[in-house]
Structure formats: C-alpha cells, structure tokens
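Below are the chains, spelled out letter by letter.
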Amino acid sequence: MLEVRNLRKQYGDLVAVNGVSFCLQPGDVFGFIGSNGAGKTTTIRMISTLLEPTAGTATLNGADIVKDPLAVRSMIGYMPDFFGLYDDVKVWEYLDFFASIYRVPRSQRGDVIDNVLQLTDLTVKKDAFVQSLSRGMQQRLCLARCLVHDPALLLLDEPASGLDPRARAELKALIGELGKMGKIVVVSSHILPELADFCNTVGIIERGDLLAFGPVDQIVKGAHTTRVLELRLLREANASARFMLDLPHVVAAQATSESLVCVDFSGDYEQQAELLKHLVSEGFPVIGFREQEADLEDVFLRLTTGAVQ
Amino acid sequence: MTTTSWKHLVTDNPMLVEITRTRRRFMSLGAGRSVNSGVIAVLIMCYLGLLLGVLRFREDIAPIGLIFAQTAIFTILAPALLHGSIAGERERRSWDILMAAPVSKAQIVAGKFLGALTVLGIGFALFLFPTLITLAFYRGHTPIVPFLGAEAISASFGILLCALTIFLSARARRSFMALGTTLTTLLLTLLAIPGLVATLTMGNDVALEFACYFNPFWALVALVRLSDGSHISNGMPALVYGLPQVAFYLGFSAILLAWSINTLIFADNDVKFKPRKASDA
Numbered sequence: 015m016l017e018v019r020n021l022r023k024q025y026g027d028l029v030a031v032n033g034v035s036f037c038l039q040p041g042d043v044f045g046f047i048g049s050n051g052a053g054k055t056t057t058i059r060m061i062s063t064l065l066e067p068t069a070g071t072a073t074l075n076g077a078d079i080v081k082d083p084l085a086v087r088s089m090i091g092y093m094p095d096f097f098g099l100y101d102d103v104k105v106w107e108y109l110d111f112f113a114s115i116y117r118v119p120r121s122q123r124g125d126v127i128d129n130v131l132q133l134t135d136l137t138v139k140k141d142a143f144v145q146s147l148s149r150g151m152q153q154r155l156c157l158a159r160c161l162v163h164d165p166a167l168l169l170l171d172e173p174a175s176g177l178d179p180r181a182r183a184e185l186k187a188l189i190g191e192l193g194k195m196g197k198i199v200v201v202s203s204h205i206l207p208e209l210a211d212f213c214n215t216v217g218i219i220e221r222g223d224l225l226a227f228g229p230v231d232q233i234v235k236g237a238h239t240t241r242v243l244e245l246r247l248l249r250e251a252n253a254s255a256r257f258m259l260d261l262p263h264v265v266a267a268q269a270t271s272e273s274l275v276c277v278d279f280s281g282d283y284e285q286q287a288e289l290l291k292h293l294v295s296e297g298f299p300v301i302g303f304r305e306q307e308a309d310l311e312d313v314f315l316r317l318t319t320g321a322v323q
Numbered sequence: 283m284t285t286t287s288w289k290h291l292v293t294d295n296p297m298l299v300e301i302t303r304t305r306r307r308f309m310s311l312g313a314g315r316s317v318n319s320g321v322i323a324v325l326i327m328c329y330l331g332l333l334l335g336v337l338r339f340r341e342d343i344a345p346i347g348l349i350f351a352q353t354a355i356f357t358i359l360a361p362a363l364l365h366g367s368i369a370g371e372r373e374r375r376s377w378d379i380l381m382a383a384p385v386s387k388a389q390i391v392a393g394k395f396l397g398a399l400t401v402l403g404i405g406f407a408l409f410l411f412p413t414l415i416t417l418a419f420y421r422g423h424t425p426i427v428p429f430l431g432a433e434a435i436s437a438s439f440g441i442l443l444c445a446l447t448i449f450l451s452a453r454a455r456r457s458f459m460a461l462g463t464t465l466t467t468l469l470l471t472l473l474a475i476p477g478l479v480a481t482l483t484m485g486n487d488v489a490l491e492f493a494c495y496f497n498p499f500w501a502l503v504a505l506v507r508l509s510d511g512s513h514i515s516n517g518m519p520a521l522v523y524g525l526p527q528v529a530f531y532l533g534f535s536a537i538l539l540a541w542s543i544n545t546l547i548f549a550d551n552d553v554k555f556k557p558r559k560a561s562d563a
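Heads up: the protein sequence lines correspond to chains A and B, in order.
If you count the first sequence from 1, you need to add 14 to reach this note's numbering.
If you count the second sequence from 1, you need to add 282 to reach this note's numbering.
The hints are simulated quantities; they were obtained by calculation from the structure and are not laboratory data.
In this text, a Cβ means the ideal position worked out from N, Cα and C, and glycines have one as well.
Any given hint could turn out to be false.
Stated by the list, open to error - DSS-like mimics (lysine-lysine), calculated; alpha carbons at most 25 Å apart, straight line:
(1) LYS81(A) with LYS140(A)
(2) LYS104(A) with LYS140(A)
(3) LYS139(A) with LYS289(B)
(4) LYS139(A) with LYS186(A)
(5) LYS387(B) with LYS81(A)
(6) LYS104(A) with LYS139(A)
Claimed, not checked - Computed, partial: chain A to chain B, Cβ under 7 Å:
(7) LEU84
(8) PHE96
(9) GLY98
(10) ASP102
(11) PHE111
(12) SER114
(13) ARG117
(14) PRO119
Only chain A is shown next, with the shape it has when bound in the complex (with noise of 0.2 Å):
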C-alpha cells in the first residue's frame, strides 16, 4: 500500500507541492494529471527518494521514503520522463546491469530478464544495441528495467510522452497488464483521453495542490453538479430554449443552432424524462434527446484555472 499523507515540496518561496495526500491499494492504476509545472514529477520524485520533502511523507508497504529510502527503493520501479539508457550497451547488458543493482541473484537473471523482455514484447531485441532501438522499444525497454526487479510500486513520468499512436495503444495494454498483476502503478500525463483508458484512479493536481482524487468515474460525477443535455428540434430551437427555462431544474438553456439547444440540467433521470414529456405536450418537434457523457477532460478543465506557479 502506498500512502502519501501531506507531502510538500518547497524552494524558497516557491511552493512545488502543497501538502500531498493520498492511499494507494495494490493493483490501483492511478493517472495523476495536471499541466507542466502542477507539481506531478516533483511528487514523483519525492516517492521515489529523489527528492527530500521539506515536509511530509510516504510509505509504502511500512517503509517510510525518508526514514528508509533504501527499502523504498527497493520495492519501487521508476521510470523518469526521458530514457536515461546507456550507449554501447547490450538490451540484456543494459537489464544485467540493473539486475545487479538490484541485488537479483545471479542465477535467476537470465530468467528475470527474459520474462521481462517477454512482458515488453522485446525478446527479439535481445541481442540488440541500446541505441539502435526504436524509440518505442526504447521506452519500453525503460519499462522493462523497472520490472527486473517485481517492484511494488511503478513510478511512471509521463511514459507516453513521443510516442507513435501504435506505441502508445501497447503501453497502455502493458500498464493496465501490471496493474492486473497486483502492482500499484502511477503514471502522470496531461494527455488525459489516454489516462481514463487504463486508469482506475485519479488525481489532478494544480500549482502543487491536489484538486481532486478517486476513482475516475466519481470524479467525473464529483465534478459535475449538473449534466449537460443536448436536444435536436426540427425547428423552433430559440423558442424551446426560452420555454425550458422555465421549467423545473433547468438551469440553463442556449439554442447553439437552428435546430439544436444545449441545456444545463440538475435533476435526475425521472426530472429528465418529465422535462421531454413537456416539450413534447408543448409540441415542440424533438428528433433528439440525450445526455452529454462528461470525460476526464471536461472535469479537468472545469477544475483547474491553467495556472502555472
């Protein structure tokens, strides 16, 4: 279990991360999003001892990251935001190395590092110079690293970053892998369609303080006091729009065309199926009626303001 409880990270008077907290459960896939300069990577690289914090801390499985940096460190695969790989090195080379370090005896690493390969689709690349891998593979030779050693916790700074669409499509299939595996993963982006793929958790942060954090489906609810309904008229769009506002938990209604009208609604599925039989018994010609479905995109612009410190 990962448990970050007020985590703060500051520079002079610059505040990175503003009393982070949150818990992780094992096999939790968490997106922790937020614009360049939120504080994600500074919190990322307080978890993995990178980083003091000026206050705070976390555990994960008991070991506090700064009473005990060296256990954490050995429970924990961090992947920064670029690759850090060596040149002149062999793939296998390149995971021999990191196995040692990790202490992996040395008569299970050749099946450590084949079984890793094998998760990152890399086996055929054995054999092959660090840098004359794709930078996909690269990425997932990262990936690969981190897993030598059958750490706890994934620490992943944006690890779609550059990536080709197909790329990308297999890291999110291997990440969500992990995370069936029982792994506790957390990886930031600010690409946010990718993380609501994979991710069963969430957390936005903004100028170092957390916005939000849940599952991503309560968040989006949490985030939203209101749905968005979207109507088609054959005609008459203006004068409906001026009806519904009229209406009982209607809170707002804007014919966007001739034929279309977006209105903000705060009852629920029984108010909602009330407010079509009106406009029907009005005889107003609806072709159309549904919900707008709010994504992580909508909630993360309606939370933060874009402000960087």
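Keeping the supplied structure of chain A fixed, place chain B upon it in accordance with the hints.
Below, chain B alone, put in the same frame as chain A:
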C-alpha cells in the same frame, strides 16, 4: 576501514557491477563495437611492439624508464576512462535512475572507483612483465628497493588520478567539463606551477624541489638519483622521497573520494540543482 564499511563498499556493493560494465564498454569486441575493436587492436600491437623492443634491447632499457612510461599512460588513461563516470550519468540523465536504485552514494562512488582501478590494474600488470624483464637484464645498477618504491609511486599516483577524476566528474555537469578540468589541474600541478616557480626563483633548486615534490615524474627521477647516492638538491632530505609520497597520494585519494560522496549529497540537496524556473518543478 571497519568490517561493516568494507562489506558495504566492497564485498556487498552491487555497484561492483561497474567492473563488468567497464569491461563490456571498453574491452568488448565484435560487430557494433568497431571502435573498441580498432582501439584494442592498436593497443595490442603497441604492447607487442613494446615487448619485442624490451626483449631486443633488454640490457639497454632501464626499468625506471618503463615505470616512467607507465605513469605517463596512467596520467592519460585515468581521466579518459573516468571523466564521464558521474558527470556522464547526469548528462545522459541516467543519474536519477541510479539514485532511485537501492544503492548508497558511497557505494556508487566506490563502484566507479573500483571499476576504474581494475582497468588500471590490468595496465599495471601488463607493464610489470616487460619492466621485470628489464630489471633482470639491465646492465646498469638498479637496486630493488628504489625499484619497488618507483612502482609504488606510479601505482599510487594512478589511484590518485582516478580519485581526482571521479571527484571533478562529481562536481561537473558535463563530461567534457570534467575532462577539461582534470587535464587543466594536471597541467597546472605537474608542469605550469613547477615551471613558474623555476622561472620566478631563477633556478633556485630548493624552491623547485618543493614545487615538484608531488610530481610523480620528478619523484621517480629523484628515487633513481638517490639510489645512485647522488643528491637532487640541498632542499629536502632523502627520507621524504618514496613512501611519504605514496602515503600522500593514497591519503589525498581517500580525501577526494570522501569529498566526492559529499559532493553527490550537495548536488542532490536542491541548492546546486535547484530548478531555475517554475516550470522545472
């Protein structure tokens, strides 16, 4: 060094894999490693040439001459091997990955130092063979004690060079800066300062001897001259040559290595590498 720290830094140090990495990096041959293969082929040819030359002129080559050459090679080899040991990790940004692994800063420095020492040790062993041939056959007088002293000075200076390069690599942000600083330091201490002292003191032997005392090449010449019964100057007594210099080199190496570890802490404590812009956070 206590048993615990010996275990931590040497026997139980996972960073000793640096020895394997150094071997793979600099001594692997085959496809894709054509530069390595070329350099190693040239080195082998040079070494065979040296061996043949030593066997042919074994009675004419003084052992100290080979130790002199060995020390000169160490002076080039150590900075060449180690200038990127820490600065290079920072440069290619693999440093963070290493720092997030379960190894201490002391283990990292010790691993890199021992990795370089292995290469230097191989060089030392390779030179020892022809040097022993000349020791056995050289027609001139070569007492064994100054010979051992000279070998000890050469080896300990090699160790000091490794420690100095690692230290400067730990302080620098870029590999070439570490290399430049190391070579400049060597140029200043081995050539420029003694030259300046000699010029300023108008050939005052005592001042020059003080300025050159820590120069291993000067020390090697001094050992030979002292073994002949001659004096270098009227400055320092013969007693201060040999072991005291070895002790200085080793002691200073230990200080530089400890300082390197401390530098890594400094480099990581948000002062030197504090984000300059808010967006870096």
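Here is what the structure says about each hint:
1. A hinted pair counts as satisfied when its Cα atoms are at most 25 Å apart, and LYS81(A) with LYS140(A) does not qualify at roughly 38 Å.
2. Of the supplied pair hints, the one linking LYS104(A) and LYS140(A) holds, its CA atoms being roughly 7 Å apart against a limit of 25 Å.
3. About 36 Å separates the Cα atoms of LYS139(A) and LYS289(B), which puts this hinted pair outside 25 Å; it is violated.
4. Proximity of LYS139(A) to LYS186(A) is assessed by CA-CA distance (about 21 Å); at most 25 Å being required, the pair is judged to hold.
5. The suggested pairing of LYS387(B) with LYS81(A) holds, with an alpha-carbon distance near 16 Å, which does not exceed 25 Å.
6. Proximity of LYS104(A) to LYS139(A) is assessed by CA-CA distance (about 9 Å); at most 25 Å being required, the pair is judged to hold.
7. At a threshold of 7 Å, the smallest CB-CB gap from LEU84(A) to chain B is about 5 Å, leaving the interface hint in force.
8. For PHE96(A), the interface hint holds, since its Cβ comes within 7 Å of a Cβ in chain B; the closest pair sits about 5 Å apart.
9. Given hint, GLY98(A) at the interface with chain B, holds; its Cβ is 4 Å from that chain's nearest Cβ, closer than 7 Å.
10. The interface hint given for ASP102(A) holds, since its Cβ lies 6 Å from the closest Cβ of chain B, which is under the 7 Å cut-off.
11. Interface hint at PHE111(A): satisfied, since its Cβ lies 6 Å from the closest Cβ of chain B, which is below the 7 Å cut-off.
12. For SER114(A), the interface hint holds, the least distance from its beta-carbon to any beta-carbon of chain B being 4 Å, beneath 7 Å.
13. Look at ARG117(A): its Cβ gets to within about 6 Å of chain B, closer than 7 Å, so that hint holds up.
14. Because the closest C-beta pair between PRO119(A) and chain B is about 12 Å apart, greater than 7 Å, the hint is violated.
Consistency note: the structure conflicts with the earlier hints numbered 1, 3 and 14.
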